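Trainee: Residue numbers (this note's numbering), protein chains in the order written: chain A, 1 to 50; chain B, 1 to 295.
What the hints contain is simulated information worked out from the structure, not anything from laboratory work. Note that the coordinates shown come from a computational prediction; the quantities given were computed from them, not determined experimentally. Be aware that one or more of the hints could be misleading.
Here are the simulated PhoX-like pairs of lysine-lysine, each with C-alpha atoms no more than 25 Å apart in a straight line [claimed, not checked]: (1) B/K201 <-> B/K243; (2) B/K243 <-> B/K116; (3) B/K254 <-> A/K3; (4) A/K33 <-> B/K72; (5) B/K108 <-> B/K6; (6) B/K243 <-> B/K31; (7) B/K25 <-> B/K115; (8) B/K201 <-> B/K6; (9) B/K3 <-> B/K72; (10) B/K31 <-> A/K33; (11) B/K5 <-> B/K243; (12) B/K3 <-> B/K254; (13) A/K33 <-> B/K3; (14) B/K108 <-> B/K5; (15) A/K7 <-> B/K70.
Away from chain A, derived, C-beta distances all over 10 Å, residues of chain B [said to hold, decoys possible]: (16) G35; (17) K38; (18) F71; (19) L83; (20) L106; (21) P110; (22) N117; (23) L171; (24) Q242; (25) K254; (26) E259; (27) G273.
Quick reminder that beta carbons are idealized off the backbone N, C-alpha and C, glycines included.
Each chain is listed here by its residues.
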Amino acid sequence: MNKNMMKRNLLPLALIVLSLVLIAIGVSSGEAKLVLTKAVNICMECIGIG
Amino acid sequence: MAKRKKSIRLWCQAAWFAVTNGYLKGFVEGKIYRGATKQVCVPGLSCYSCPGALGACPIGSLQAVLDSGKFKMSCYVFGFLMLFGSLMGRFVCGWLCPFGWVQDLLHKIPLFQKKKNMPGHRFLRYGRYVVLVLFVIILPMTVLGAAGMGDPWFCKYICPSGTLLGGWPLLASNPGLRSAIGVLFSWKSLLLVTILVLSVKYNRPFCKYLCPLGAVYGVFNPIALYRFTVDEELCVRCGGCQKVCGMDIPVWEKPNSTECIRCGDCKAFCPTGAIRSSLQRVQAKPYGGIESPNE
């Protein structure tokens, strides 16, 4: 990969690393569990009943 | 070439829908999937209450975390949004979103005189940012009930994808839920039908004017790994790219516009091949862009 392209891709690559860190933080803080709890039950509001 | 590309995209959208909403038993029994994959966000606006859904909608998940009263921000969902956005920006809208696919299919119906934009497009296009900030973030976090929890305002009052993929199939196959239909369901069904009818005449009205997910991914378009570039030496400024663009973008000026859904129609049409994606740039270089062993 040439230097110019490498430079252009540096920001998205850094953001991808940051996003993986954020996901890991979310999993450890219990957000993933909360999302799972919400997603495995029918969301009455989402379907227009709640 | 352009027609073949469009057809490939429609099949890709269908295949992705089958992969992420492939729990067929749910459609038959009027139930939803309850496995562990439901905690993983999918890239598109795909309701987790769709009977076939195997993953979670990022906008629904974001509201679930924010309105829970337990978190002030969602590292988890912002992480997924940043991951998908940094990788491909609004390529998600063009290729991986089930509601975008539905709108694309409806726009193919030979009814009405086709138009790209609705009247008032210049102002309406900012609507999706209003929806994102107000209905997805501010209202769920600030309007709290007695238990200290808010409502998922976007899902509850706006999301047509939830009504189409979740509400209608569940109510069709689950008689127990039908007794609970009220004013809210009528409002959401009316909104959905309006958007579906508008989609026959206008190109992707929901994506252009209301979708909060498109607003998020659009911000990533200029910096995502998957980007477009225009070769200034090859471009003859014929304007053909804007003519074929359903989102009405002057691609030769703004190849990475926040409106671009990366459908690729401009690339397929360009008579001089001036528009290229970052993937093509890598492929076009010797050794796939990787320096040769002798360099």
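Trainee: For every hint, state whether the structure bears it out.
Mentor: Hint check results:
no. : hint              : verdict
1   : B/K201 <-> B/K243 : holds (17 Å)
2   : B/K243 <-> B/K116 : holds (10 Å)
3   : B/K254 <-> A/K3   : holds (24 Å)
4   : A/K33 <-> B/K72   : holds (16 Å)
5   : B/K108 <-> B/K6   : holds (11 Å)
6   : B/K243 <-> B/K31  : violated (44 Å)
7   : B/K25 <-> B/K115  : violated (39 Å)
8   : B/K201 <-> B/K6   : holds (18 Å)
9   : B/K3 <-> B/K72    : violated (47 Å)
10  : B/K31 <-> A/K33   : holds (20 Å)
11  : B/K5 <-> B/K243   : holds (16 Å)
12  : B/K3 <-> B/K254   : holds (23 Å)
13  : A/K33 <-> B/K3    : violated (44 Å)
14  : B/K108 <-> B/K5   : holds (15 Å)
15  : A/K7 <-> B/K70    : violated (39 Å)
16  : G35               : violated (8 Å)
17  : K38               : violated (4 Å)
18  : F71               : violated (6 Å)
19  : L83               : violated (4 Å)
20  : L106              : holds (20 Å)
21  : P110              : holds (31 Å)
22  : N117              : holds (28 Å)
23  : L171              : violated (7 Å)
24  : Q242              : holds (25 Å)
25  : K254              : holds (17 Å)
26  : E259              : holds (19 Å)
27  : G273              : holds (19 Å)
Hint violations for this structure: numbers 6, 7, 9, 13, 15, 16, 17, 18, 19 and 23, all remaining hints satisfied.
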